[in-house]
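Reassemble the complex: the two chains are provided individually, in unrelated frames, and hints are given to aid placement.
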Amino acid sequence: MAFEPNLIGFLCNWCSYAGADLAGVSRIQYPPNLRVIRVMCSGRVDPAIVLGILAEGADGVMIAGCHIGDCHYIDGNLQAKRKYELARRLVESAGLEPGRLRLEWVSAAEGQRFADLVREFTEQVRKLGPSPLSGDPPDPALLLNVQAARAAAEGFRLRALVGKEEKLVTEGNVYDDQLTQEEWDEVMAEAVESEYTRHRIRLALMENPTSVKKLSDRLGIESQTILECIVAMRQLGWVDIQELRGSSPIYMAVEMPQ
Amino acid sequence: MTMGEPIVPRIGVFVCHCGINIGGIVDVPSVVEYAEKLPGVVYAEDNLYSCSSDGLNKLKEGIKQHNLNRVVVASCTPRTHESLFQDACEEAGLNKYLFEMANIRDQCSWVHMHEPEAATEKAKGLVRMAVAKARLLEPQEEPEIDINPTSLVIGGGISGLTSALSLSEQGFKVHLVEKQPELGGMLLQLEKLFPSDRDSMELLRPRIDSARSNPNIELHTTSKVKSVKGFIGNFDVEIESQEGDVKKLNVGTIIVATGAENLEPVGLYGYGEDERVITQLQLEKMFKDGSLEGVRTVVMIQCVGSRNEERPYCSRVCCNEAVKNALLLLKESGTRREVYILYRDLQTYGTHYSSMEWDAKKQGVKLIKYQAERPPEVISERDAVIVNVYSPLLDEEMSLRSDLVVLSTPLIPTEDAKELSQLLKVPLNSDGFFMEAHVKLRPIDFATDGIYLCGTAHSPKDVSESISQALGVASRAAIPMARGRLRTAAITAEVDESKCSGCGTCIELCPYNAITKDEREIARITSAVCKGCGVCGASCPERAITMHHFTDEQLGAEGLAALGRVDD
Numbered sequence: 001m002a003f004e005p006n007l008i009g010f011l012c013n014w015c016s017y018a019g020a021d022l023a024g025v026s027r028i029q030y031p032p033n034l035r036v037i038r039v040m041c042s043g044r045v046d047p048a049i050v051l052g053i054l055a056e057g058a059d060g061v062m063i064a065g066c067h068i069g070d071c072h073y074i075d076g077n078l079q080a081k082r083k084y085e086l087a088r089r090l091v092e093s094a095g096l097e098p099g100r101l102r103l104e105w106v107s108a109a110e111g112q113r114f115a116d117l118v119r120e121f122t123e124q125v126r127k128l129g130p131s132p133l134s135g136d137p138p139d140p141a142l143l144l145n146v147q148a149a150r151a152a153a154e155g156f157r158l159r160a161l162v163g164k165e166e167k168l169v170t171e172g173n174v175y176d177d178q179l180t181q182e183e184w185d186e187v188m189a190e191a192v193e194s195e196y197t198r199h200r201i202r203l204a205l206m207e208n209p210t211s212v213k214k215l216s217d218r219l220g221i222e223s224q225t226i227l228e229c230i231v232a233m234r235q236l237g238w239v240d241i242q243e244l245r246g247s248s249p250i251y252m253a254v255e256m257p258q
Numbered sequence: 259m260t261m262g263e264p265i266v267p268r269i270g271v272f273v274c275h276c277g278i279n280i281g282g283i284v285d286v287p288s289v290v291e292y293a294e295k296l297p298g299v300v301y302a303e304d305n306l307y308s309c310s311s312d313g314l315n316k317l318k319e320g321i322k323q324h325n326l327n328r329v330v331v332a333s334c335t336p337r338t339h340e341s342l343f344q345d346a347c348e349e350a351g352l353n354k355y356l357f358e359m360a361n362i363r364d365q366c367s368w369v370h371m372h373e374p375e376a377a378t379e380k381a382k383g384l385v386r387m388a389v390a391k392a393r394l395l396e397p398q399e400e401p402e403i404d405i406n407p408t409s410l411v412i413g414g415g416i417s418g419l420t421s422a423l424s425l426s427e428q429g430f431k432v433h434l435v436e437k438q439p440e441l442g443g444m445l446l447q448l449e450k451l452f453p454s455d456r457d458s459m460e461l462l463r464p465r466i467d468s469a470r471s472n473p474n475i476e477l478h479t480t481s482k483v484k485s486v487k488g489f490i491g492n493f494d495v496e497i498e499s500q501e502g503d504v505k506k507l508n509v510g511t512i513i514v515a516t517g518a519e520n521l522e523p524v525g526l527y528g529y530g531e532d533e534r535v536i537t538q539l540q541l542e543k544m545f546k547d548g549s550l551e552g553v554r555t556v557v558m559i560q561c562v563g564s565r566n567e568e569r570p571y572c573s574r575v576c577c578n579e580a581v582k583n584a585l586l587l588l589k590e591s592g593t594r595r596e597v598y599i600l601y602r603d604l605q606t607y608g609t610h611y612s613s614m615e616w617d618a619k620k621q622g623v624k625l626i627k628y629q630a631e632r633p634p635e636v637i638s639e640r641d642a643v644i645v646n647v648y649s650p651l652l653d654e655e656m657s658l659r660s661d662l663v664v665l666s667t668p669l670i671p672t673e674d675a676k677e678l679s680q681l682l683k684v685p686l687n688s689d690g691f692f693m694e695a696h697v698k699l700r701p702i703d704f705a706t707d708g709i710y711l712c713g714t715a716h717s718p719k720d721v722s723e724s725i726s727q728a729l730g731v732a733s734r735a736a737i738p739m740a741r742g743r744l745r746t747a748a749i750t751a752e753v754d755e756s757k758c759s760g761c762g763t764c765i766e767l768c769p770y771n772a773i774t775k776d777e778r779e780i781a782r783i784t785s786a787v788c789k790g791c792g793v794c795g796a797s798c799p800e801r802a803i804t805m806h807h808f809t810d811e812q813l814g815a816e817g818l819a820a821l822g823r824v825d826d
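Chains as they are written, first to last, in our numbering: chain Z, 1 to 258; chain D, 259 to 826.
The shape of chain D in the complex, shown without the other chains (with noise of 0.2 Å):
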């Protein structure tokens, strides 16, 4: 790093009143008034929306009215906004290291909701401490990293699919890995696919044949990811088939697409005691199979095993199976089907699937609602399955006499989604379920760079859903491997060569292999390939190390301000 000439800072300092979600609660003016006695500070404004065109521009305009050479946003998360503010710096000349979020929405304003006063107090800290972080900024030059322009798709259902004759069209390699002997997932074992009945093997078909025979396409059957290291654009993957053979791949890009399973509901309702009490997924495969024959009374259950306290998600393709399945079961034989839907709420959402209940109530499918604190009982008889059910709405107890008892079971995690996750280094949801970088505004995105989500791995939906978020990962995992060069964050560590005594700790702790000895026995760290963790800089005996953006000065500076204090 350059020694110059210390630069005096002209922080600007723009406060967001994020519509109401801020300037509903905290008093956005006296944080205003507040920012602009503070050291350093020589513009400070409030603006409705900081993020929106108008917003941006503002800040763009004061960073050149203002001659300012920091800025200081306080708003929302970094996490979803920081870039956006990054780039807009950028274009007003400023290197973007050069801008510091104080996060008084989510991390305040959200949370002190009925404490106005003493959220206000808390922005103006925050403030305080992203302007003492600001005074200590530093330019940083970005490092340039290739991108391989291949991809890897785990999991060979219809998203992984869709993503990888997708991604192999715009011309790039894909390895496709898929843990069960045949591609196609869980739509092997359905019948027919709403809204349009289609049959889904019609869908599934020509797409298992293209990848087979892509030469941009490598398959990878009863094959299961074993470990992965690297980053976006050098991905090192090693792949384990079910007989122990390891091979290795490098990858650019990785998307996940590894599906969900079926709940078992083992010990709900008699399923696993009496085997005419089945699940959807097993209707379809006597759909399939035409097993159905003598089958005259139907009796579906909604919600069995999910929106309860150990499941509280929906799993928002139950309700439309059921519709799907009884119309089918209707249609499928001339005799005339009685079929009743239990539900606690029927939620056949958008354009297609309510008309597909109005069909349903036309062909006489009977629909009654059930509590969820007053569920139905199934009781086994020899020549027939009794259900009872309390409709609240009639306020009467009914007693169906069915052939068959469907359970409506949730779509669950698979079973290795947890290690899965752990190898990639991608969080899961309460539910178990991938989780997305941010639900609205990165919602087929990881946190992680360079990896990407699609289908029921993510949370249940049904197949048009599915395939339109395998279109939309190969389109994201697409831009990094087109422009083939990526720019990495600066945030990395850097060595004092004078003060390392070359012990070697730093080498031993670093997760990246980034740092290595030189000539001279004294560390170098190759900054393309640090993640700016910061550990060996916390760990260096010599306080040898500096970590960019996060250095111990800007630390305890920001440790400071939260104290109070405002040292000139």
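Extracted from the complex, chain Z is given alone in its bound form (with noise of 0.2 Å):
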């Protein structure tokens, strides 16, 4: 049997649910594997909500909001565009294919575009195959890694990034000094991997406590890298020595409050 691919869509209430509906009025027939989340505005979309159900082997995440300028919240979209790159940059991050990621534009006057989009969206996932997380059980490393990124997306760090991105970007700080989109971009990816390489490796000593050494292997990141997380996140209360074991500590992750 062909792979039909499970695809979730966002959608907002407001242009995009409404462009949908008007595809549904004017009869235009597109392949039924996307299931739409009604939302009020792109801008709620969570990257934390997109990796999580990624991570629960959704096989593609479609996140659909009103035309820029056309946001029934002034400016909703443009935070949706800013949750969507840091989703994007963590999916990729993780080693998931970023194409079952899409971000789009649909007013509520464009139900042949919907109809269009879902088509192209399906066939687009249905070249990349199942999600490799979908399986039973799903791939055990690729999991952790959405994991951490999930939980990367739900840190304090990454969102309070995004969440100043737009003013930082478009108006600079109280002291007047403004980053270009390529500084502000420089800045995200040097986060992102930062906190998704911590997670990795808090939820690794999650699973099992062991040493430097063992989780390099296990992650395929340099000891040394290792090492420096593991001061910064002993700093931030994320981990703690277990036991010495010979010479090398064994390192234990630190339940973290809700």
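Simulated from the structure, these hints should not be mistaken for lab results. Any given hint might turn out to be false.
[Stated by the list, open to error] Where chain D lies over chain Z, by a calculated footprint (3+ residues, C-beta under 8 Å):
(1) 20-28
(2) 39-45
(3) 55-63
(4) 75-82
(5) 210-222
(6) 225-236
[What the hints assert, rightly or not] Once the Cα atoms are required to be at most 25 Å apart in a straight line, the calculated SDA-like pairs of lysine to any residue come out as:
(7) D:484 to Z:160
(8) Z:167 to D:780
(9) Z:81 to D:677
(10) D:619 to D:607
(11) Z:164 to D:770
(12) D:354 to D:376
(13) D:487 to Z:69
(14) Z:167 to D:783
(15) D:627 to D:770
(16) D:775 to Z:25
(17) D:506 to Z:69
(18) D:698 to D:611
(19) Z:167 to D:769
(20) D:683 to Z:75
(21) D:683 to Z:25
(22) D:719 to Z:120
(23) D:484 to Z:120
(24) Z:81 to D:447
(25) D:487 to Z:70
(26) Z:81 to D:676
(27) D:627 to D:604
(28) D:698 to Z:120
(29) D:589 to D:447
(30) Z:127 to D:822
(31) D:757 to Z:120
(32) D:676 to Z:109
(33) D:676 to Z:120
(34) D:775 to Z:109
(35) D:431 to D:474
(36) D:437 to Z:26
(37) Z:81 to Z:25
Note that CB positions come from ideal geometry on N, CA and C, so glycine has one too.
As structure tokens, then:
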């Protein structure tokens, strides 16, 4: 049997969901693979939720909002774009195909466009094949990665950065320092990489306490990088030394308050 | 939010056939059977039409009989029917926020008409998702807001004037904004109005006079709307005059009556090159000026610049306008004139206009059909304009020597429609006209509460249709203003004080300034001002904000259910 992708669509109530309704009113046919979750604004779509659904084995996630300038909530779609960018970076870091994630603008008048997009996205994901996380059991290494990406999206640092991004890039900070988008992207890339790595280490240590060397082997990260992360994570109270085995410490994850 | 005992969900699922709209494609009984087995569901049934009074009664009875504390209706779209079902829930004593819809028509049966099995599977999936969300729904209290009983009417043409006068008669204050120095709009350019051949000024003059003298109406001519902030009941509007003076207004409702423009058919049929090729609007002016002397033969061409790829719509008024003007041309002068109307499909719809067409035929107006793929040809000569046209009915090429060629061009959206749509955050359709919330159920409302739409800003229409809509919107806008207070949706965000670190991210991102810091430096959301976009919740670094009715848990549960997971 041909592979039928399981796709999730987050549609904003005012434009994209209305566009999807219009496709129906106009009887425009499209593939039945997309399941729509209605949200009031595309800016509501938290990257942590997107990564959570990908971790659960969705083959693809589409976020759709009003065209730029047409947002019912003035500029929520600009936030949607910033958040989508974070989700995309994390998906890439985790080693999942970026083609499983898509952001589109669909107006209330664009029934045909909505149908075309669903058709396109369905084909796009069909070509990628089933998500490695949809198997039973899912690919364990990849699952740890995507869960680490999700945890990174739930963490303070990346959320705080993305929350400030629009303002810092378009208006500058209180000292009138303005970053270019390129400069900002560099800041983000670095932050994403470090948060993601820390959460991978933390999740691996939650599964079983181990040494830097064994972590390095398991995660494919250089020992030096792991050590640097662990130093920082100890300061944050994320990990601690469980015991000393010979001369090498065995690290364990500390339960984080929710 | 108070944390009481967790309530054991008792969900009722009502699956609608919508006649054959859903039932003709989706196997509704099997969806009902499937729904019954979902965790939390204690009752499921199908209805022929869930939205009929019978269907609504069954929903209410179901709630009482089965002691339901959550309701899911699987039918059409929440954008048009959610409030109807929510009202029924409230009538049966169930808080309306304990209701959820599964869209198995607009987003399922109508778009998978040739795949009944896949459509049925998808419908089950959508019901599973709605049930998963319903299990986590919580009752909400709606905040109440005051409605300023003042309306802003944008556009001083016949539609805007009519709305403004009707609202002022009902006792409301009105700000009427017109970008031109004169009130009257497009009608100022028209001579006689069909179907009664009434002088347009006869209709317009008394309305303009009473708008000018009415103490309830404040006029702002040569002015445009510059900015709009706020929401129903409390819009802060800035209007700017041509001289650059800015006035600040506060209004409770807004009516869009900005009208349309007439297409200048530059480059079509010699328009702009030969001054004997004019538009119907210019012909109206010639009637007014009495400058038609010596014009013996007139050829009108319909659908110029409309019903084509660029502008696929029919402009609705041009056929009637052409027939009316043809009759006026014959009547106007004692001399016998020849008038030809070259048409693609003559659409003189309705009761009045068909008889006009018969009149025209009786009086000798010659109607010649042409084909879109073989349009007439206009050739300028020194003493005449030659129009060559192929008549498919006669299978014959005809050559008409005319003194005047009149092009029937469509009404098109005004130049500034796009800008205004962005200021008001209301949509335009693909033709560029303002788009109503629902073509049948809410034909003169925007989807945004408190903003209404009438006249040719919405689509080409004649004067009587514009006036009907203008009176309609005056009544629609009067409803919240007469009530004075309104409950707003409880889809609002709330801060968990124990988690908030006071970082201020949400305050910067809120587009409505609904979030402030309290004396403890903790974010506080004013629910009556919050519009429920949820950007703050998706951004909060501490994840301290709950977006009620669209919580992380609810969206996550829908996602899991979409993937086929059903957890107890």
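So, going through the hints one by one against the coordinates:
1. 20-28: holds (count 7)
2. 39-45: With 6 residues in contact (Cβ-Cβ under 8 Å with chain D), the coverage given for the region 39-45 of chain Z holds.
3. 55-63: Contact hint for the region 55-63 of chain Z vs chain D: holds, 3 residues under 8 Å.
4. 75-82: holds (count 3)
5. 210-222: violated (count 0)
6. 225-236: violated (count 0)
7. D:484 to Z:160: Not satisfied, since the Cα-Cα distance of roughly 33 Å exceeds 25 Å.
8. Z:167 to D:780: Between residue 167 of chain Z and residue 780 of chain D the Cα gap is close to 21 Å, so the pair holds against 25 Å.
9. Z:81 to D:677: 23 Å, holds
10. D:619 to D:607: The hint holds at about 16 Å.
11. Z:164 to D:770: 17 Å, holds
12. D:354 to D:376: 31 Å, violated
13. D:487 to Z:69: Between residue 487 of chain D and residue 69 of chain Z the Cα gap is close to 15 Å, so the pair holds against 25 Å.
14. Z:167 to D:783: 21 Å, holds
15. D:627 to D:770: 56 Å, violated
16. D:775 to Z:25: Since the Cα atoms of residue 775 of chain D and residue 25 of chain Z sit roughly 45 Å apart, the hinted pair is violated (cutoff 25 Å).
17. D:506 to Z:69: 23 Å, holds
18. D:698 to D:611: 24 Å, holds
19. Z:167 to D:769: 13 Å, holds
20. D:683 to Z:75: 10 Å, holds
21. D:683 to Z:25: With Cα atoms ~23 Å apart, residue 683 of chain D and residue 25 of chain Z stay inside 25 Å; holds.
22. D:719 to Z:120: 38 Å, violated
23. D:484 to Z:120: Between residue 484 of chain D and residue 120 of chain Z the Cα gap is close to 40 Å, so the pair fails against 25 Å, i.e. violated.
24. Z:81 to D:447: Judged against 25 Å, a Cα distance of about 47 Å means the pair is violated.
25. D:487 to Z:70: 14 Å, holds
26. Z:81 to D:676: 23 Å, holds
27. D:627 to D:604: Holds - the C-alpha atoms of residue 604 of chain D and residue 627 of chain D are around 8 Å apart, at most 25 Å.
28. D:698 to Z:120: 31 Å, violated
29. D:589 to D:447: 20 Å, holds
30. Z:127 to D:822: It holds: about 22 Å lies between the C-alpha atoms, which stays within 25 Å.
31. D:757 to Z:120: Roughly 42 Å separates the two Cα atoms, so the pair is violated.
32. D:676 to Z:109: Holds, at about 14 Å.
33. D:676 to Z:120: 29 Å, violated
34. D:775 to Z:109: 39 Å, violated
35. D:431 to D:474: Between residue 431 of chain D and residue 474 of chain D the Cα gap is close to 5 Å, so the pair holds against 25 Å.
36. D:437 to Z:26: Given pair residue 437 of chain D, residue 26 of chain Z is violated - Cα atoms ~36 Å apart, limit 25 Å.
37. Z:81 to Z:25: 29 Å, violated
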